[in-house]
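A.B. asks: Here is how the chains run, residue by residue.
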Amino acid sequence: MLDIHQNHFELFDLPTSFAIDRTLLDQSYRKVQSEVHPDRFAAASSAERLRSMQWATHANEAYQTLKSPVSRARYLLQLQGIDTQEETNTAMPADFLMQQMEWREAIDEARSALDISALEKLLLEMNREAASQESELHVAIDEQRDYPRAAGIVRKLRFLDKVRDEIQQAILALED
Amino acid sequence: MALLQISEPGKSAVPHQHRLAVGIDLGTTNSLVATVRSGMSVVLHDEEGHALLPSVVHYLPSGVEVGYTAQAQQSHDPQNTIVSVKRFMGRGVHDIADIGHYPYRFVDAPGMLQLSTVAGIKNPVEISAEILKSLKARAEKSLGGELAGAVITVPAYFDDAQRQATKDAAKLAGLNVLRLLNEPTAAAVAYGLDNASEGVFVIYDLGGGTFDISILRLSKGVFEVLATNGDSALGGDDFDRRIFCWMLEKSQVSPIGPEDTRLLLTKAREAKEQLTDHAETRITCMLSNNELIDITLDSATFNELTQHLVSKTLAPTRKALRDAGIGIEDVQGVVMVGGSTRMPQIQHAVAEYFKQEPLTNLDPDKVVALGAAIQANVLAGNKNDNELLLLDVIPLSLGLETMGGLTEKVISRNSTIPVARAQEFTTFKDGQTAMSIHVVQGERELVSDCRSLARFELRGIPPMAAGAARIRVAFQVDADGLLSVSAREQTSGAEAHIVVKPSYGLSDDAITSMLQSSFSHAEEDKQARALREAQVEAERLLEAIGAALHQDGALLDDSERNALEAKMTELRTAMTGSDVRAITSSMEALNHASETFAGRRMDASIKQALTGHKLDEIKV
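Chains A and B are the protein sequences, given in the same order. With the working numbering, letter number 133 in the first sequence gets 133, and the count goes up by one each step, no holes. With the working numbering, letter number 568 in the second sequence gets 568, and the count goes up by one each step, no holes.
For reference, chain A alone in the conformation it holds in the complex:
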């Protein structure tokens, strides 16, 4: 099996931090894939072909993990030995829960009114909310090194992701 000691950031020659240079990540990812992708080894020995598939798989996994802010934060916390407890810890601040309920009501309303544009507006609002939580993550992880707080924000973002999924499903259902 693959023997990789580097963390995902090191693989792409990037600093291990939440703030990330997306252009640099994309470039490094493409450079790594240019070296390891199975297309480069179509005429190689089977040991090299297997190795290539494992590396290309690993590079894809690492890239996907770093690309998304939530999974990047979750991964950074994991490196610190912190479990984000997304399945077990469902305690949320009261104001966040209130906000949740309002959003869900708005989704239900738009869905029963068959109003796609209202759903799309809600989706934009979710995206804005997620972006503001993500900048909080940057502060909590890179500046304050307050990992328990960061774990709390990851749980909130996970919630937001679920709501976003719900909206997208509703839009899809209305379109079909």
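Just so you know, these hints were derived from the structure itself, not from any lab. A virtual CB, placed ideally from N, CA and C, is assigned to each residue, including glycine. Among the hints, erroneous ones may be present.
Incomplete in silico selection of chain B near chain A, CB under 7 Å [said to hold, decoys possible]:
| id | residue |
| --- | --- |
| 1 | Leu143 |
| 2 | Gly145 |
| 3 | Leu147 |
| 4 | Thr416 |
| 5 | Ala420 |
Based on these hints, arrange chain B on the given structure of chain A.
C.D. replies: Just chain B now, kept in the frame of chain A:
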């Protein structure tokens, strides 16, 4: 930029001869073969100068015709003349929605349907293999040698069963498949390399029987597929069928037989093609009962008849854009692929949706084959500079059935391949020692709405309390988009392990027997063939490792290098004999011995790529 290698005098670089490689577009209506010649991708023609080979196979009591000669028999012998076989690849009778419209004698079979012909029962894999054999013969004749390999294109939206069936058809035709390549990606390669484009491109591919939409980002020779969507049962054939139904309705003819159906469908196709640059077209033909059909179809009526088909392509387009996170304003260009995109109503609809005129400067019939040839040339090792890389995705999510017939997604659609993911499951009952694993593909929540890929059982789980066992199910999708699944129980050191390749009903044995029956070799011929194949493979392996040693030999110390070279010598010795088993076991030993070396080369090349350091500056 890659540096040129200069070898020491008297020490030649690894000998490298140009390997003959082709790209094949195995289409619903037409198929093509292309190759790279003096740096240019060109379509290969048959002796009469045709670029296209109609994807039509005509079975005779003894023998088979393919292409134009077969197409000429369509109306006379519809039951034995198979057109659009691609629609049946990896499909059962229940999967074909409009099965009553076809003039064939279908035979239901587990997994994949079969067709009864005058030459016996044939399955879609065998029928497709006839088309591929014909293209292979054309290429070998035109290039003057045996093909080292081929890239075969498939619709991006093909599922695992359809891909596996395509690969098997190529195997049956005696082709070495270098890669299955998604058609839109192939088109993007042909298009992108021609135009040296950068940015986000949409490939709108409406073929004879399938529709695909792909969103790609092109950047410095890297083609990254961001999302793909489509409909594997929507294409130009459906437009023909709309005209056909309109003709029946309009002319009030009595129920017609298979010959007349075929005739009218051909007339419908001709009318559709006429309407590409005419405002109206007259359809006349005589049915077998001497009834005369003489009607005129204008483009306004045609547009009305097919409006819903045109809009059916826009729903997957919207979904793909959303999955890619791309807005219409981000799209640099829309590339049109497939003969059906010649229809004016399609071009209008696309232009209106994307608010820009689509790009049509490459022949939509040829662009896929041209792109596949470029990729085949790279994969065959004829091109060493790293200027082209394709990063493709899986079109449909892969998952497992859980309690209550629900799907648990393991790998979601549009994941870049190769990709692997594992999920842990546990037992439901106390003392449970076996677990049934059902692999499915699709986006729906209910297993019954998804496509079933494989079922297998994991046995030998040590009996323990419910929920205590830990079963890890791992999915791996390779660069062809094909899946393998393994399951492993991993508590208390006890392990059970099984690997399945999903299949559409044809077992490996069935493939082998089809292969054998397709060669009329005597027993000794078969042995000679096996020996020759082993020798060729051994040569390839020695060449590959030799090239690696030549390039990166410094990554091994003397004793490691000696050990590896000893295995190479062993294989060379085995190759001179006629014992196939000795050759294969020496190959295995050499492969095993080269694993460390392979790993170090990979690590070193990544470091080199990222830091710009030369290989010999890197400590390993």
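A.B. asks: Check each numbered hint from earlier against the structure, then list the numbers of those it violates in ascending order.
C.D. replies: 1, 2, 3
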